[in-house]
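Number of protein chains: 2
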Amino acid sequence: MFSLDQLTAFVAVAEELHFGRAAERLNMTQPPLSRQVQKLERAVGVQLFERDNRRVVLTEAGQAFLGEARRLLALVETAGDLARRVDQGAAGTLRLGFTAVSAIRTLGPFLRRVSDELPEVDVILHERVTSAQIDGLLHGELDLALARPPYDPHLLDSQVVAREPLCAALPADHPLTALDRPLTAADFAAEEVISYDPVRAAYFHELTIRFLAGSQHRITQRVQQVLTVVLLVAAGRGVALVPESARDLGVPGVTFREIALAGEPVELHAIWHRDSANPVLRRVRAMLSEHQ
Amino acid sequence: MFSLDQLTAFVAVAEELHFGRAAERLNMTQPPLSRQVQKLERAVGVQLFERDNRRVVLTEAGQAFLGEARRLLALVETAGDLARRVDQGAAGTLRLGFTAVSAIRTLGPFLRRVSDELPEVDVILHERVTSAQIDGLLHGELDLALARPPYDPHLLDSQVVAREPLCAALPADHPLTALDRPLTAADFAAEEVISYDPVRAAYFHELTIRFLAGSQHRITQRVQQVLTVVLLVAAGRGVALVPESARDLGVPGVTFREIALAGEPVELHAIWHRDSANPVLRRVRAMLSEHQ
DNA sequence: AGAACATGATTCCCGAAAGGTATCACTCGA
DNA sequence: TCGAGTGATACCTTTCGGGAATCATGTTCT
Numbered sequence: 016m017f018s019l020d021q022l023t024a025f026v027a028v029a030e031e032l033h034f035g036r037a038a039e040r041l042n043m044t045q046p047p048l049s050r051q052v053q054k055l056e057r058a059v060g061v062q063l064f065e066r067d068n069r070r071v072v073l074t075e076a077g078q079a080f081l082g083e084a085r086r087l088l089a090l091v092e093t094a095g096d097l098a099r100r101v102d103q104g105a106a107g108t109l110r111l112g113f114t115a116v117s118a119i120r121t122l123g124p125f126l127r128r129v130s131d132e133l134p135e136v137d138v139i140l141h142e143r144v145t146s147a148q149i150d151g152l153l154h155g156e157l158d159l160a161l162a163r164p165p166y167d168p169h170l171l172d173s174q175v176v177a178r179e180p181l182c183a184a185l186p187a188d189h190p191l192t193a194l195d196r197p198l199t200a201a202d203f204a205a206e207e208v209i210s211y212d213p214v215r216a217a218y219f220h221e222l223t224i225r226f227l228a229g230s231q232h233r234i235t236q237r238v239q240q241v242l243t244v245v246l247l248v249a250a251g252r253g254v255a256l257v258p259e260s261a262r263d264l265g266v267p268g269v270t271f272r273e274i275a276l277a278g279e280p281v282e283l284h285a286i287w288h289r290d291s292a293n294p295v296l297r298r299v300r301a302m303l304s305e306h307q
Numbered sequence: 016m017f018s019l020d021q022l023t024a025f026v027a028v029a030e031e032l033h034f035g036r037a038a039e040r041l042n043m044t045q046p047p048l049s050r051q052v053q054k055l056e057r058a059v060g061v062q063l064f065e066r067d068n069r070r071v072v073l074t075e076a077g078q079a080f081l082g083e084a085r086r087l088l089a090l091v092e093t094a095g096d097l098a099r100r101v102d103q104g105a106a107g108t109l110r111l112g113f114t115a116v117s118a119i120r121t122l123g124p125f126l127r128r129v130s131d132e133l134p135e136v137d138v139i140l141h142e143r144v145t146s147a148q149i150d151g152l153l154h155g156e157l158d159l160a161l162a163r164p165p166y167d168p169h170l171l172d173s174q175v176v177a178r179e180p181l182c183a184a185l186p187a188d189h190p191l192t193a194l195d196r197p198l199t200a201a202d203f204a205a206e207e208v209i210s211y212d213p214v215r216a217a218y219f220h221e222l223t224i225r226f227l228a229g230s231q232h233r234i235t236q237r238v239q240q241v242l243t244v245v246l247l248v249a250a251g252r253g254v255a256l257v258p259e260s261a262r263d264l265g266v267p268g269v270t271f272r273e274i275a276l277a278g279e280p281v282e283l284h285a286i287w288h289r290d291s292a293n294p295v296l297r298r299v300r301a302m303l304s305e306h307q
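Those sequence lines, one after another, are chains U and H. If you're matching positions, the first sequence starts at 16 in our numbering and goes up one per residue. If you're matching positions, the second sequence starts at 16 in our numbering and goes up one per residue.
A portion of the hints provided could be inaccurate.
One copy or two, it doesn't matter: identical chains are merged, so the pair holds either way.
[As the list claims (entries may be wrong)] Here are the simulated SDA-like pairs of lysine to any residue, each with C-alpha atoms no more than 25 Å apart in a straight line:
hint, residue 1, residue 2
1, K54, A292
2, K54, F64
3, K54, E31
4, K54, L88
5, K54, L97
6, K54, A105
7, K54, E39
8, K54, Q78
9, K54, R100
Note that these hints are calculated values from the structure, not bench results.
Construct all of the structure, not just a fragment, from the sequences and the given hints.
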């Protein structure tokens, strides 16, 4: 097999049609250049130059080979580019988990920023509930998740990407919608409250429990997804606490009301595996912490 | 810049994910293989493998580079093929000169044989009168000519590719068409004979002169092309001697008659420059002498 | 816990290959 | 016929790649 040095030697001679000048261009002397070309000819099995003591001409085969050689060398030049871009996280794929509700206000702008700042990065989207996203991160099926606590902080790391208040979701014809002040836990005393799965939707479960702590209430349903909760409210099955962005789901028959603030707002986290090897993740994290 | 050996080393390790086995596959020992991969990583500027003392894994960048490396090596494998085919005349271009009349019976089958036996050869056709073809051969504008003598045998070489009888071309209403025997020179005694340019169509000029030698006749026109001759006959401007294939020109108003054989038949030659460097020419010549 | 094993990296040595200098062989032009 | 120009060759030096031995480290089995 021939070597790349032999190819560059050949191309130089083919362009100069003069061994001396070609050698000068390659910063070497003429004899080793002649030998390299001879070796290449032996390796390919074809005479590439017709060399008279007076002039050098490409043979037909040499002309054909010149094209191949140039293509090959061009490919060599650019061979490392993609690898370097991938190494710096500027190219590659990001497997991103998200929940239906997180998507409403956060996913779109996030994807737009990625495609602006890292145009060679492909984002593969996986819609999953939070717990399934955490599993995905731990099993290496996802690189980044837009989800909510809790998660194992030894293995996973995170950053808050959005905060929003919790609010009450009421059927449109519910008496509480008439009140002109933030609702309190006491207002829910007589209500049937739709709440969340303590395991699969632990975050909203906690928030709901905390808000209602000490008041009378009945919890009738425990579901996983905010969307489901809103749909149940619309169906008149009770009232619920949801993140404010649930307004944007546009489910008819549901009215949202401010509540008397019960501690910190709802947080959406970007979560990743502490020792993910994906370089794109580094870049995306840097992008996230950059502004905000 | 990296070397092809480094690429093959990298691909082997990437496929085995084990330096020892990869080294075995490459018929070498493990230490130099490790070094080659390290060098490649330095040359590309990217870490290609994540190597634990227990296992070897491709990095994201390594996976990207693996694709490039495979493409490059595949190209190297096939780089010489085209050059070798060109060298053996199995690929390339043949610039072929021909005359309108030679084309009728000879050119079609010839082109068909070339595209059957040398499918990678492109034939570029140049229709020229014989003398222009000879010039083309001498100036290196043509590789092969389908033409007729004379030519300079020091510089050009040839081979007969077709023989056919000379015959008489008469206006359809001419009295001689009534005769039921081969025509002789004497039959032309009273005729106006259309003949050929002594310089540019020397071959037919010679044949005509030789046939008519010693008889009475009047030569009224001297033209270069057989086709022109036949058109003049059709126009009633006289009679002429033409190769039999001129029948196939399909010019109306012309009748062809056998003549009393005056020596050898009309020959069509394939002519080439003695020191043409085009390898396709070698193959085509071999093809021509192969069967006939 | 400790020993044996597995595996990639490192070190040192040797031989092959590449580059440099001097020279040869040949052609062309004066 | 001689000198200039050009590619090939001979020979030497340097560089580079491969091999054997060894190291460092992590895993596994007793």
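One pair to classify: K54 and Q78, alpha carbons no more than 25 Å apart. Within, between, both, or neither? within (17 Å within a copy, 33 Å between copies)
For the identical chains here, do K54 and R100 meet the 25 Å Cα criterion within one copy, between copies, both, or neither? Classified as between; 19 Å across copies, 36 Å inside a copy.
One pair to classify: K54 and A105, alpha carbons no more than 25 Å apart. Within, between, both, or neither? So K54 and A105 pass the 25 Å test across copies only (24 Å; inside, 41 Å).
What label fits K54 with A292 when the C-alpha limit is 25 Å: within, between, both, or neither? between (44 Å within a copy, 22 Å between copies)
With identical chains treated as interchangeable, where does the CA-CA distance between K54 and E31 reach 25 Å or less: within a copy, between copies, both, or neither? Answer is within; shortest intra-copy Cα gap is 19 Å, inter-copy 32 Å.
At most 25 Å between C-alpha atoms: does K54 with L97 qualify within a copy, between copies, both, or neither? between (32 Å within a copy, 18 Å between copies)
One pair to classify: K54 and E39, alpha carbons no more than 25 Å apart. Within, between, both, or neither? within (19 Å within a copy, 27 Å between copies)
Treating 25 Å as the Cα threshold, decide for K54 and L88: within, between, both or neither. both (18 Å within a copy, 19 Å between copies)
Cα distance capped at 25 Å. Does K54 pair with F64 within a copy, between copies, both, or neither? Within one copy only: 12 Å inside, 33 Å across.
The structure agrees with every numbered hint stated previously.
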